[in-house]
Amino acid sequence: MSSVKTRRDVLGTSALRPDGPAKVKGEFDFTSDLHADNMLWGATLRSPHPYARIVSIDASSALKIKGVEAVVTSEDVPGQLTYGLISSDQPVFAKDFVRYMGEPIAAVVADHPETCRRALDAIVVNFEVLTPLTNPEDSLNQSVPSIHPDGNVIRNQKIVSGDITATGPIVVEGDYVIGMQDQAFLGTESALAIPDADRKGVEVFVATQWLHEDQKQMAACLNLPEEKVRLTLGGVGGAFGAREDISLQVHTALLALHVGRPVKMQYGREESFFGHVHRHPARVWMRHHATAEGKIVKIEARFLFDGGAYASTSSAVLINGITHTQGPYKCANAIVDGYAVRTNNPPCGAMRGFGVVQACFAHEGQMDKIATAAGISPVEVRLLNAMETGDALITGQIVESVAPVARCIRETAALPMPDPLSPNAHELDLPGGSGLTAQPHNIVRGVGWGVSIKNIMYSEGFDDYSTARCTVIDGKVTVKFATSEVGQGFVVLAPQIARSVLGLDDVVCDTIDTNIGSAGSTSASRQTWMSGGAVDGACRMVRERIFEKVAAENGLNPLSLVIEDTDIVDSMGTFRIPVLQAVQGSVFSEEFEHHHRATEDLDDDGQGNCHVAFAFVAHRAVVDVDPELGLVKVVQVATAQDIGVALNPLSVTGQIEGGIAQGLGLAVMEEIIVQDGKVRNPSFTDYLLPTALDAPNVVASFVEEYEPQAPLGAKGVGEPPCISVTPAIVAAIRNAVGKDIPRCPVRPQDICL
Amino acid sequence: MTVYLPHTIEEATALLEAHPHALVLGGGTDVMVEINFNHRKPSDVVALRNVDELRTWTINNETSSIYIGAGVPYSEMESGELQKVAPALAAAARTVGSPQIRAAGTLGGNLGTCSPAGDSLPVLSALNAEVHLASSHGVRSVPFAEYMVGPKRTSRTATEMITGVTIPKANGWQGYSKVGVRNAMVISVASACLAIQDDMVRLALGSVGPTIIRCVEAEKWLHENFATLTDLQPADCAEFGRRAASEARPIDDHRSTAEYRRHAISVLAQRLLQRSIQS
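Taken in order, these protein sequences are the chains called A and B. Quick note: the first sequence, position 58, residue 58 per my numbering, numbers continuous. Quick note: the second sequence, position 149, residue 1149 per my numbering, numbers continuous.
In case anyone wonders, no lab produced these hints; they're calculated from the structure. Predicted model, so just to flag it, every value in this text is computed and none were measured. You may find that some hints are simply not true.
Computed list of lysine to aspartate or glutamate pairs in EDC-like fashion (alpha-carbon distance at most 20 Å, straight line) [as the list claims (entries may be wrong)]: (1) Lys-678(A) to Asp-1252(B); (2) Lys-678(A) to Asp-1253(B); (3) Lys-1084(B) to Glu-427(A); (4) Lys-1041(B) to Asp-121(A); (5) Lys-678(A) to Glu-137(A); (6) Lys-1041(B) to Glu-114(A); (7) Lys-1041(B) to Glu-270(A).
Cβ-to-Cβ under 10 Å is the rule here; a few derived chain A residues that face chain B [what the hints assert, rightly or not]: (8) Leu-428; (9) Pro-431; (10) Asp-694.
In this text, a Cβ means the ideal position worked out from N, Cα and C, and glycines have one as well.
Could you build all of it, start to finish, from the sequences and the hints given here?
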């Protein structure tokens, strides 16, 4: 009998995702598809004003509507009245003041979403409308009254490094503006809460990035022990940072406990724009001093992040921004001042890139200015300054990560350029697309560069560990973790790890819930490293138990046993047994917590080893621009990304292509328009995401240098693709039209008027 | 809410006579959005999905005209026979939403909503389309210029329904351009249709005023100063663009600025005229 070797979905292969076919066929159960018997619906009453005092709330008419079970306000919150990821400053329901348009004031629970809508209409809130604080510069002014008891400045941090009097013959300056981007996940916020019969506990199915953080904040607001708030991950349709903060979690559970029946809440697209935080709009001023050759001597910078009404993760976003001032370049001297402030604009928090996007847009604009002043190319200036392993950041931290910056740049430069624009180009391929606004002779082409450094994992002393359990019963492997699968593909990676470590092929992922320790957040490009490390650790512990058993039964030294493909082999002898055979009739189960190395807070001068590790990437964008109409078509993005090793090449490619599309959005179209504190475009009609006709051809190269600090040698790959592609595209537009454009997204009028 | 499903225009108009406040539902790409957002709470809806005669179109070679029923979806205008005889309408149809929207959306819907950003409306204006209205009292035809009287305001009465439009078969160059901040599936920031019909250049603008704007002054200037279009120099096309832009009445909103819209019209009008000469 010949044995046929089937393809094994181990590490390094492009194993296919278990959730893929269901998602493609529309059969995947997202949280919004959940249903429970006897279920009611919840809905949220939101403020129409960016800033107002609540004079009174009268829900009596709403309660008279048939089908309405209850209306809850801040009065009904049994525990802590506020929540928040870093500081607990955001009310579950506004009590005295509303501080942003869309802030929750009350929630209703009724038999049908339409009944909920009528009930919301029937609640009468008397407001004393106040003048909103909407200019973040005003938030720094001591004479402007505070809009929140915690004050208008969320955090201020300086970085002072080296010789701050240093200068050079080249001095270039820029004042950069980054607009407010939305994460725009496709699956809007949704949760189903099922109360315990005694109403002293609740089971919640929710689409989130971090089950245990939700659990902690919910328990505090509900005044329940954490173990009485049991969370299970519902099917998640994208996250990108927008599911880190609490949105409807507390409201749904509160309503369910209030009425003693299952309650479901689900936001529509418009409400979603008000229901989650956005990317911080920012103003970043930088002045670079360089040698005549173009080497950076010193950087001066000022960052102003508009955090909106509540703190969310603003203080961490600020630190990420300012500590990445220099970009992936050597720099000894710097003086940086950064502020995250409170306004009556929409609250801002986590989004893919987390503060580094804003820094990168500015430092990459500066690098091109240095290149121009030094008379060298964008590639030359970046190679001349490229950071290497062992270099010190302006925070004093030594970059111990693999840092193949020069290699990323060179490999990107070596990728083929697209064909020149043909005079017979298809009309849909020109800027303006289906609008047929141009002919090929109207179009000019530009090329631009962006290179970035991004910290991965949480910073500033935070121990964002991850937990996993591996159980083997009769050769069938189950891996258990609380890692949120938001679309990134951990549900395919975890089994790959188990197969590689154990030599067993039958691997399933257990339900993702709070019946195991925290996995930390699916953010900061950290889950492959952190939860990957936890699954790897748990599987290795099980492997040791298996080796011990096999060694004992066969008189071998367990330390000499190794896994070879699907066999256990004695490396010192001839013994060989299939793993599957060796574990028959046995049960093994081990749990492992993976912690990254400790980090530190920054001191008053912004010095300290605050980050864990770094990942790098280079982008080259080729764009066609219609200079007269200001319309843009991104033709190609070439990229070489530092990934450590590719554990699943298909997944890496997916992250690269998706991140580039998201960064393109910020470069040329995605912006939440806020006027006087009011969101003007809360819909996909007017908040524009790139379509297939806008997405560029992506040519990507993996820079694979094993990262010794990482448990699997692999760096996180989620955020870097979206960071430097934005400045690369904007640089290409500048290159095409010969105009200094200091803001993104670039609007048509920024190009042609 | 009562939803009526008539099978004929006659049945539909009788229903509108009985329920003058009823909302007429065609492809639903505008109406359903408004209902979903609770901007409209109709008590009665007359849904036209079963009125087959609204989904027909005919080319009349004797009168050199095209009749298009109000229920013909954009997807049918994008290509094929209709594209050959009405190329500007085909180009406008291709810019409407996504393929799914174009399979549902209709000319009747664009005319019923009558937004200045309606993608097909500049074409109907430039081609001097006749809009056909029917009620239980009879039928009438209204020139497009008299049909659209303001932003989302028309001369249609509550008991009338739009049955179709008549436009001339193209007998000269036609072109349509639309500026949006995305390369597809975008609401117009500014649009223009230029059609040469019976040797006369006609230009209509969308999204740059309370109604579709017919550039009568620019058309007149061209007609009075140039015997044939082949006499036109690039500078003349630019002047035509400037004159068209001066007839626009754009505003600032969250989609763009008045200044950019006016500028875009000058570029679109200039380029359309240049393309008409090249061809």
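If you test the structure against every hint from before, which numbers come out violated? none
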